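Peer 1: Below are the chains, spelled out letter by letter.
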Amino acid sequence: MALRLSRRKLAVYVADKLQAGASASEVMREIAAYLIDTKRTRELELLVRDIEDALATRGVVVADVTTAHALGKELKSEIGALVGAKKLQIRETIDESVLGGVRIDLPGKRFDGTIRHKLTALRAKKI
Amino acid sequence: MAEAAGGNFFEALGIDWKLLVLQTVAFLVLLWFLAKFVYPPLTKMLEKREADIEAGVKAAQEAEQKADAAKAEMDKLLKEARHDASDIVSTAKEEATAAIEAAGVKAKARAEQIVADAHDQIEKDVSAARTVLHNETLELVTLATEKVIGKTVDAKVDNAVISAAVKEAK
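Going down the list, the sequences are from chains A and B. Under our numbering, the residues of the first sequence are numbered 12 to 138, in order. Under our numbering, the residues of the second sequence are numbered -5 to 164, in order.
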């Protein structure tokens, strides 16, 4: 049975591997095998978040971008400039319920410029 | 001769001196009897009656004096009672006046309190109505905006919104 490592160490390991140019699918397969072997598959989502955090400290940012319509190249470059990462990977989600605007989820922070968020903020002004 | 003359004198007057002596003795005996047996109890009874009358008179005088004293006492008591009654009435009037004034002040204060409470309640109601209006307006504006934006925002408009949002975030 494999040695039990902390989630943080695993995240740093994966980030190092990815930054060194290793194949993402191979690294993830390795990690998946490790989680299954150590019966820690429930920690997968948390591990992914930790990996994103570890990558973010190295200037590699994975941004979850949610919009009502598909993003054009120009907007993606604007978002990249906003995030200010050396390397930005955008994970795009189309969600019409946001009505318009954009929501960007970054490791550790969120920018919500959607119309849905503004309407929710307006509703929150109820006395 | 003289005796004869005396006997003639009585005879001339129609008096029988023997009978006279006898009557005198009888009278003296009667007098003695009366003095011995009749007059003393009669006198005693009269004295007793006189004493009773005097006692009655004295008692009547005492009763009269007592009545006078009682009348004087009653007059004094009546005077005091009138005075006390006057004081009581005066005090009662003062107390009634004070009570009326106190009731007036209390009623005025209560009325002012009611008016103040009414004002407060009105302000609260107005404030609550404003809040409800504010909230309903917000809800309506939000719903209307959702409806309108859901139909009118196309990709082009959305891109402009996104661009503006990104610029705003910078």
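Since the hints were made in silico from the structure, they are not lab data. Note that this is a predicted model, so its numbers are computed, not measured. From the three backbone atoms N, C-alpha and C, an ideal C-beta is built for every residue, glycine too. Possibly wrong hints are sitting among the right ones.
Stated by the list, open to error - To be clear about the criterion: a stretch of chain A counts as covered by chain B if any three or more of its residues have a C-beta under 8 Å from a C-beta of chain B, and this derived list gives those stretches:
(1) 86 to 94
(2) 98 to 106
(3) 128 to 138
To be verified - Not the full set, but computed from the structure, chain B residues with beta-carbon under 7 Å of chain A:
(4) S121
(5) V126
(6) T136
(7) I143
(8) T146
(9) A149
(10) D152
(11) V155
(12) A159
(13) V160
(14) A163
Peer 1: Next step is simple, just say for each hint if it's right about the structure.
Peer 2: Verification of the hints:
no.: 1; hint: 86 to 94; result: holds (count 5)
no.: 2; hint: 98 to 106; result: violated (count 0)
no.: 3; hint: 128 to 138; result: holds (count 6)
no.: 4; hint: S121; result: violated, 9 Å
no.: 5; hint: V126; result: violated, 9 Å
no.: 6; hint: T136; result: holds, 5 Å
no.: 7; hint: I143; result: holds, 5 Å
no.: 8; hint: T146; result: violated, 10 Å
no.: 9; hint: A149; result: holds, 4 Å
no.: 10; hint: D152; result: holds, 5 Å
no.: 11; hint: V155; result: holds, 5 Å
no.: 12; hint: A159; result: holds, 3 Å
no.: 13; hint: V160; result: holds, 5 Å
no.: 14; hint: A163; result: holds, 5 Å
In terms of the numbered hints stated before, the structure departs from hints 2, 4, 5 and 8, listed from lowest to highest.
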